[in-house]
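Enquirer: If you want the building blocks of each chain, they are given just below.
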Amino acid sequence: MTPKRNETIEPLVRVENLVKYYSKKKLVGSGEVVRALDGVSFSIFRGTTLAIVGESGSGKSTLAFCLACLEGPTSGHIWFEETDLSVLQEKDRRGIRRESQLIFQDPANSFNPSWSVLEILTEPLVVQGNVGQKEMKSRAQVLLEQVGLPPGFGEKLPAELSGGQRQRLAIARALSLEPKLLILDEALSALDCSVQAQIANLLMDLQASLGMTYLFISHDLAMAGYLADEIAVMSRGQIVEQGAPEGILTRPESGVTRELLAAVPRLDFSRSPSTEP
Amino acid sequence: MGAVLEVRDLRVTYRSRAGNSFRALDGVSFGLASGEILGVLGESGSGKSTLATSLLGLFRANAVTASGAVLFEGQDLLQAKPGELQRIRGKRISLIFQEPSVALHPTMRAGRQIRQVLSAHGMVGRRALEQRTREVLETLFFAEEAERIARSYPHQLSGGQRQRVLIAQAIACGPAVIIADEPTASLDPTTQMEILGVFRALRKSFGLTMMFITHNPALLADFADRVLVLYAGRAMELGRAEEVLVSPKHPYTQSLFQSIPPFPGAPRKAGKQKLPAISGDSFSSSFSRPGCPFESRCPERMDICKSCEPGLVTLSETHTVSCFRYEGQR
Numbered sequence: 001m002t003p004k005r006n007e008t009i010e011p012l013v014r015v016e017n018l019v020k021y022y023s024k025k026k027l028v029g030s031g032e033v034v035r036a037l038d039g040v041s042f043s044i045f046r047g048t049t050l051a052i053v054g055e056s057g058s059g060k061s062t063l064a065f066c067l068a069c070l071e072g073p074t075s076g077h078i079w080f081e082e083t084d085l086s087v088l089q090e091k092d093r094r095g096i097r098r099e100s101q102l103i104f105q106d107p108a109n110s111f112n113p114s115w116s117v118l119e120i121l122t123e124p125l126v127v128q129g130n131v132g133q134k135e136m137k138s139r140a141q142v143l144l145e146q147v148g149l150p151p152g153f154g155e156k157l158p159a160e161l162s163g164g165q166r167q168r169l170a171i172a173r174a175l176s177l178e179p180k181l182l183i184l185d186e187a188l189s190a191l192d193c194s195v196q197a198q199i200a201n202l203l204m205d206l207q208a209s210l211g212m213t214y215l216f217i218s219h220d221l222a223m224a225g226y227l228a229d230e231i232a233v234m235s236r237g238q239i240v241e242q243g244a245p246e247g248i249l250t251r252p253e254s255g256v257t258r259e260l261l262a263a264v265p266r267l268d269f270s271r272s273p274s275t276e277p
Numbered sequence: 278m279g280a281v282l283e284v285r286d287l288r289v290t291y292r293s294r295a296g297n298s299f300r301a302l303d304g305v306s307f308g309l310a311s312g313e314i315l316g317v318l319g320e321s322g323s324g325k326s327t328l329a330t331s332l333l334g335l336f337r338a339n340a341v342t343a344s345g346a347v348l349f350e351g352q353d354l355l356q357a358k359p360g361e362l363q364r365i366r367g368k369r370i371s372l373i374f375q376e377p378s379v380a381l382h383p384t385m386r387a388g389r390q391i392r393q394v395l396s397a398h399g400m401v402g403r404r405a406l407e408q409r410t411r412e413v414l415e416t417l418f419f420a421e422e423a424e425r426i427a428r429s430y431p432h433q434l435s436g437g438q439r440q441r442v443l444i445a446q447a448i449a450c451g452p453a454v455i456i457a458d459e460p461t462a463s464l465d466p467t468t469q470m471e472i473l474g475v476f477r478a479l480r481k482s483f484g485l486t487m488m489f490i491t492h493n494p495a496l497l498a499d500f501a502d503r504v505l506v507l508y509a510g511r512a513m514e515l516g517r518a519e520e521v522l523v524s525p526k527h528p529y530t531q532s533l534f535q536s537i538p539p540f541p542g543a544p545r546k547a548g549k550q551k552l553p554a555i556s557g558d559s560f561s562s563s564f565s566r567p568g569c570p571f572e573s574r575c576p577e578r579m580d581i582c583k584s585c586e587p588g589l590v591t592l593s594e595t596h597t598v599s600c601f602r603y604e605g606q607r
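Chains as they are written, first to last, in this note's numbering: chain A, 1 to 277; chain B, 278 to 607.
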């Protein structure tokens with residue numbers, strides 16, 4: 001894959017043989033080990049989008065948590081620029097967290113319902129930095145504009161926003177610390193089709209204007225193919241296939257990919273009604 | 278075509294705490310033929326969930342008015358007494374909700390939750406209840422699996438299995454109509470396909486009549502017989518699935534389908550192309566004002582759209598659309 005923007009060969013993120021095991025606790029006896037990530041390696045280049053697709057339970061979200069420094073891996077390395085996240089101490093993690101931000105499926109659950117849009121937007125600045133009140137407000141206005149929300153929205157409460165507007169707000173909040181990487185964990189899945197298209201376009205705009213790098217985690221192969229420069233297919237904690245969207249979507253090599261493709265609902269009548277058990 | 282259920286000019290209005298009234302359904306009419314799957318396509322705020330619940334007289338506390346008629350087995354359900362509705366709900370018309378993990382009781386075994394539905398509708402005798410529960414589960418699971426499912430608690434089941442248990446509850450009493458409100462929205466694509474398969478199989482074996490509500494048009498291809506497109510509480514388009522999904526006529530339906538990324542996708546040219554998204558927000562379309570609710574976002578709006586409400590235009594015997602563009606050209 002060739003990086004399109006910032007013609008550097010150095011990737012922003014390089015994951016090497018990442019392993020994350022969880023132990024399922026039991027009341028009696030030793031717990032069962034769940035291999036959420038089982039030797040995952042990949043790189044994400046600056047200004048590009050890597051999509052991770054797979055069924056529920058394939059390890060996609062664990063990967064997101066490890067990259068966002070919310071979970072420490074069992075073994076392996078995550079290089080974020082020059083820093084190895086896997087060996088960071090908790091006190092050093094905060095610095096890295098501002099560089100990579102997570103956006104979740106349902107933004108309604110990630111806002112304090114009694115805070116105004118302005119308070120939500122400036123909280124990361126309060127937590128992370130020493131930015132003055134006045135500058136905070138002006139930055140919040142810039143952020144609102146960047147994500148296509150009207151300037152008058154500062155005083156509104158999350159409940160007064162539609163689903164699409166809330167996801168725009170989540171993106172604005174994530175951008176407030178000027179991160180280098182946005183991790184989008186099923187960020188479009190809960191939205192209506194027409195709103196998905198709007199937010200997908202916003203993500204592309206931001207990538208073009210700010211040179212953002214995205215890790216797009218989804219089970220929607222059509223959207224992944226649309227947004228991504230590269231797709232990695234995960235199953236049982238491993239990457240089973242990786243490559244350019246055109247190849248993955250039209251000439252899949254792994255059985256897992258073929259199964260995922262077969263399950264994508266399509267707006268046509270080309271497929272004969274499948275036989276039922 | 279004998280309609281099992283007929284909805285005539287259904288209007289439901291909610292009142293917000295601030296005192297504003299908001300029309301969730303604004304004159305929706307359609308019939309549900311026996312053995313048919315009607316796909317109801319709508320985005321958030323289109324009134325699709327209000328449609329599902331109001332057919333059974335389940336109104337939110339702030340629903341102030343409901344007018345029109347819901348005719349079922351010679352009775353208008355909007356006029357029915359609570360006791361009468363109680364006998365119909367879950368027995369003659371069943372409702373399946375979106376989130377199986379919320380709709381099931383967390384500390385009760387699956388089998389018991391199905392037996393409860395049966396006994397609530399008058400079935401007595403432990404043996405009869407157990408027998409019917411087993412029968413129903415065996416139509417949805419492999420026979421050797423059914424026994425284990427019946428003894429499981431919801432948390433021990435996968436999302437797809439939980440959804441099947443909900444379907445089992447819904448079909449236990451042999452209803453005439455099933456209303457499913459986004460039954461696959463929380464499932465991953467593979468399981469989603471599986472559940473659609475279950476509905477298809479049920480239709481084949483029991484001649485199930487169904488209203489399937491979704492926000493995802495692609496789910497309706499190869500599944501629904503007819504499709505009703507809702508927007509801001511109004512029926513924008515109604516027709517056979519091939520008509521609506523392959524050659525949509527309403528500008529809303531057309532732009533909605535265009536905003537879905539093509540799949541498997543044409544080879545990408547240099548640089549990323551944007552999706553043809555519909556501008557604006559359906560949120561702002563949902564407040565009562567004169568004219569077509571889609572007017573402010575419509576790529577083909579005309580002067581008349583702002584002031585007058587479009588009526589239903591019949592394009593063919595099976596296809597109707599609510600848009601001024603087609604008036605006078607049938």
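In case anyone wonders, no lab produced these hints; they're calculated from the structure. Don't be surprised by glycine CBs; every beta carbon is placed ideally from N, CA and C. Hints may contain errors.
As the list claims (entries may be wrong) - Partner residues aside, some chain A positions facing chain B, computed with beta carbon under 10 Å:
#1 V33
#2 V34
#3 M204
#4 A262
Unchecked claim - Ranges between beta-carbon positions, derived for each pair:
#5 B:P576 with A:G148: 17 to 23 Å
#6 B:T595 with A:R251: 54 to 60 Å
#7 B:P539 with A:V131: 25 to 31 Å
Unchecked claim - Quick look at which bits of chain B chain A covers, simulated, 3 or more residues with Cβ under 8 Å:
#8 458-467
#9 481-494
#10 528-537
Enquirer: It remains to establish, for every hint, whether it holds in the given structure.
Expert: Comparing the hints with the structure gives:
1. At about 20 Å, the closest approach between the beta carbon of A:V33 and any beta carbon in chain B exceeds 10 Å, and the interface hint on this residue is violated.
2. Taking 10 Å as the C-beta contact cut-off toward chain B, the hint placing A:V34 at the interface is violated, the least distance being around 15 Å.
3. At about 5 Å, the closest approach between the beta carbon of A:M204 and any beta carbon in chain B falls short of 10 Å, and the interface hint on this residue holds.
4. Here the hint on A:A262 is kept, as its CB sits about 8 Å from the closest CB of chain B, short of 10 Å.
5. Restraint check, B:P576 to A:G148: a C-beta distance of roughly 19 Å satisfies the suggested window 17 to 23 Å.
6. Hint check: B:T595 to A:R251, Cβ distance near 39 Å, so the stated range 54 to 60 Å is violated.
7. Distance hint check: the CB atoms of B:P539 and A:V131 are about 43 Å apart, inconsistent with the given range 25 to 31 Å.
8. A stretch counts as covered by a chain when three or more of its residues have a beta carbon under 8 Å from one of that chain; for the stretch 458-467 of chain B and chain A the count is 3, and the coverage holds.
9. Residues of the stretch 481-494 of chain B with a Cβ under 8 Å from some Cβ of chain A number 4, which satisfies the need for three, so the listed coverage holds.
10. Closer than 8 Å: that is the beta-carbon criterion, and the stretch 528-537 of chain B has 5 residues meeting it against chain A, so the requirement of 3 holds.
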